[in-house]
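These protein sequences, in sequence, are chains G and W. Residue 454 is where the first sequence starts when you use the numbering used here, and the numbers rise one by one after that. Residue 54 is where the second sequence starts when you use the numbering used here, and the numbers rise one by one after that.
Hint data in this document are derived by calculation from the structure and do not stem from the laboratory. Among these hints, one or two may not hold up.
To be verified - Pairs of lysine-lysine, DSS-like flavour, derived with a Cα cap of 30 Å:
#1 W:LYS60 - G:LYS611
#2 G:LYS482 - W:LYS60
#3 G:LYS611 - G:LYS564
#4 G:LYS531 - G:LYS479
#5 G:LYS579 - W:LYS149
#6 W:LYS147 - G:LYS531
#7 G:LYS581 - G:LYS611
#8 W:LYS149 - G:LYS479
#9 G:LYS611 - G:LYS479
#10 W:LYS149 - G:LYS585
#11 G:LYS533 - W:LYS149
#12 W:LYS60 - G:LYS671
#13 G:LYS611 - W:LYS147
#14 W:LYS147 - G:LYS527
Below are the chains, spelled out letter by letter.
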Amino acid sequence: MSSLVLLISLSQLLSPISGNFIKETKQGKKISEIVSGKFYYAPPSQLLFHVYNPLEQIFTFNGDTLILFYPKEKKAFKIKSLNPMVSSSVSSTWTFNDKIDFSKLGYLFVKKQKMADTLYSYWVPKGKSVIKAIIIGRLKNRMVSIEIDGVQQNQFSKILYTKHLQHNSFCIPTETYSIQCPPADTLIEHFTYQDIRFDIEIPDSISHFSIPNGIPVKEVVW
Amino acid sequence: MFYARNKIIAVLCAFLMLAMPFELLAQEATTACMQAESDAQRDVNGTTWFALGCLFGAVVLVVAMVSEPSPKATMLLGKSPEYIAAYTDCYRHKAKSIKQNNALYGCLLGTGLSVAAYAILIAAASTE
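Please take these sequences and the hints and turn them into a complete structure.
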């Protein structure tokens, strides 16, 4: 489902953008880990993260394949997913459009409920699914949260969108929190986006990225 | 004697300097594997596979063996090539093992219950 959300969101953003990102991860009692770099989006579907810290890495997708390239080590990976692979946190970050129609993603609308100023809409899967319900929170027509409840008790993941940036008809959250709860330790991924630039010229090496010739590529299918 | 001892120390120092990167790589692979196993446990719902195995039997067991797991892509953001190599291998192994084991236990329970139900039915029919 998350990959569909990503595709629908991206397909409606027509201008290229770039900026800096910081990703902070906390899992249970573990010390948080920080990853930072630049991100680029070139329509219709090229999304690329250029990591500079803690090491240099190119992280991008080509359809259902995740491409990882290490310029210094001259190594690369192609990780092809037989199932939708794009993670909820990657897609959540790029949910620019507020008008996602979950009925097109195989969900039935159940009800709307207002709590404080936030309007929540409840969706359930049409068929059998490990997902019990999806709850979308909107504040002033901006998507502020997605909660995905699992069939198992106490199992859920929640994505929070904050500090929105308006650009034409799109509302871009510049901070996202992805919280994934039991059965294992709670996992929190916090993305911050800074210096976001619109309608920029994206270099061809990024908008049409491919692994340079002669680099050994490890291919993984899962 | 003095020179011989110095030579031994120098060789030891050189060995330790050379061995250090390998030790760090091994440590990184171990960390990646532990993280992958923890992520697989969080991502793969064993109860669902158990229930499916119980309901649909051997078909689900085959699906569990064939289907590939899908971890969170962001877990690989900013990780070294050594980490990625170890993580992908360990995640696949662990996720498959959770699916297969739970599907197998579910399948065995389902089969056991079916056999018991038939046995009761046959016993009931033969006593009439």
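| request: With a cut-off of 30 Å on the C-alpha distance, tell me whether G:LYS531 and G:LYS479 pass. | output: holds (26 Å)
| Distance restraint between W:LYS147 and G:LYS531, which requires alpha-carbon spacing of 30 Å or less | holds (20 Å)
| Does the alpha-carbon distance linking W:LYS149 and G:LYS479 stay inside the 30 Å limit? | Distance of about 26 Å is within 30 Å: holds.
| Pairwise hint evaluation, G:LYS611 against W:LYS60, where the allowed Cα distance is 30 Å at most | violated (61 Å)
| query | Under the criterion that the straight-line Cα-Cα distance not exceed 30 Å, is the pair G:LYS533, W:LYS149 satisfied? | reply | Holds. G:LYS533 to W:LYS149 sits at ~17 Å (cutoff 30 Å).
| said: Checking one constraint from the list: CA of W:LYS147 to CA of G:LYS527, max 30 Å. Satisfied? | reply: holds (29 Å)
| query | Within 30 Å, alpha carbon to alpha carbon, are G:LYS579 and W:LYS149? | reply | holds (27 Å)
| message | Checking one constraint from the list: CA of G:LYS482 to CA of W:LYS60, max 30 Å. Satisfied? | response | The given pair, whose Cα atoms are some 46 Å apart, is violated under the 30 Å limit.
| request: Take the C-alpha atoms of G:LYS581 and G:LYS611, compute the straight-line distance between them, and say whether it is at most 30 Å. | output: This hinted pair holds, its Cα atoms lying about 21 Å apart.
| query | Straight-line Cα separation of G:LYS611 and W:LYS147 no greater than 30 Å? | reply | holds (25 Å)
| task | Decide if the proposed pair is consistent with the structure: W:LYS149 and G:LYS585, CA atoms, cutoff 30 Å inclusive. | result | Holds: W:LYS149 and G:LYS585 sit about 23 Å apart, inside 30 Å.
| request: Take the C-alpha atoms of W:LYS60 and G:LYS671, compute the straight-line distance between them, and say whether it is at most 30 Å. | output: Between W:LYS60 and G:LYS671 the Cα gap is close to 42 Å, so the pair fails against 30 Å, i.e. violated.
When each numbered hint is compared with the structure, violations occur for hints 1, 2 and 12.
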